[in-house]
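Under this note's numbering, residues 420 to 699 are what the sequence shown spells out, in order.
Read the hints as simulated data drawn from the structure, not as lab findings.
A few of these clues could be false.
[As the list claims (entries may be wrong)] Distance condition first, Cα-Cα at most 30 Å in a straight line; then the derived DSBU-like pairs of lysine-lysine: (1) Lys595 x Lys692; (2) Lys595 x Lys512; (3) Lys509 x Lys595.
[As the list claims (entries may be wrong)] With beta-carbon atoms standing in for the labels, derived distance ranges: (4) Gly487 x Trp638: 44 to 54 Å; (5) Phe663 x Pro540: 27 to 37 Å; (6) Phe663 x Gly694: 47 to 57 Å.
Glycine included, C-beta positions come from ideal geometry on N, C-alpha and C.
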Amino acid sequence: MHRLAGINNPRQAQAFIDYMASRGITLLLAPEPEGQFAIWLEDSQHLVEAEAELNLFLANPYDKKYLGASWDVAETRTARFDYRSPSLVKLIKSQAGPFTLTVMVASIGIYILWLLGMQAPLFSLMHFPLMQGDEWQVWRFFSHALIHFSILHIVFNCLWWWILGGQLELHSGSSKLIQIFLISALVSGFAQFWFHGPNFGGLSGVVYALMGYLWWLGWLAPERGLSMPRSYVTFMLVWLVLGFADMFGMSIANMAHLFGLFSGCALALFDAKLGRSHAQ
């Protein structure tokens, strides 16, 4: 399942869907927020052809071939519009790479074990290095990012991880996402431990690193094709400030958020400068 485009005129979109159906390619129309409708390609093996036809359609949506296709299939269609949403699993997989999905599955699996009463052994195994000798257990520098303490905690983090990490992995590959995960987990973990001790966990430091990376890379090197919507940046920065202002009445790893953001911005600055040096 692959999202082809968003369009605000469902009648026009349906004409294109009917035309593609006449060519043996199945598309779906699904509603989205703010009055938009997404056109989804069911079988990605037709992606090249579907994208080429979509460009022709967007250039001339009133071409007779699209209207004619709608008349041809009208008698066999049981409803005027097909508003079936893609299955949740297909939607998640279509917008994420293997490392994005692996981290999500691991985080959810660990949280399920946490709910089943295994909090003490899980935290003992995965917390940031605390006691002498822990530093040789290298996984501890990163595994703290997979621990979550509430349903809100894991839903918030996994959602942003999927949105931001999935975008980056599909664009730049798994190695770049793994690099940012490891560096930001290490930096944010050290910062939170230094200021507040080892009682913390979660992907939020990594999420803020991804936000900083996409935000700054879009600003410093827009030709790279990565960016962060301004509304997302505003929300995340406001959330960061409110956390430091203690507006939520709960324990928040503010230093992990802040230094995760710093690490993502620094990586974006490095990659932008590296790209310019290679271009010269």
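Hint check:
no., hint, in the structure
1, Lys595 x Lys692, "holds (16 Å)"
2, Lys595 x Lys512, "holds (19 Å)"
3, Lys509 x Lys595, "holds (24 Å)"
4, Gly487 x Trp638: 44 to 54 Å, "holds (46 Å)"
5, Phe663 x Pro540: 27 to 37 Å, "holds (32 Å)"
6, Phe663 x Gly694: 47 to 57 Å, "violated (33 Å)"
Against the hints set out earlier in the document, a violation occurs for number 6 only.
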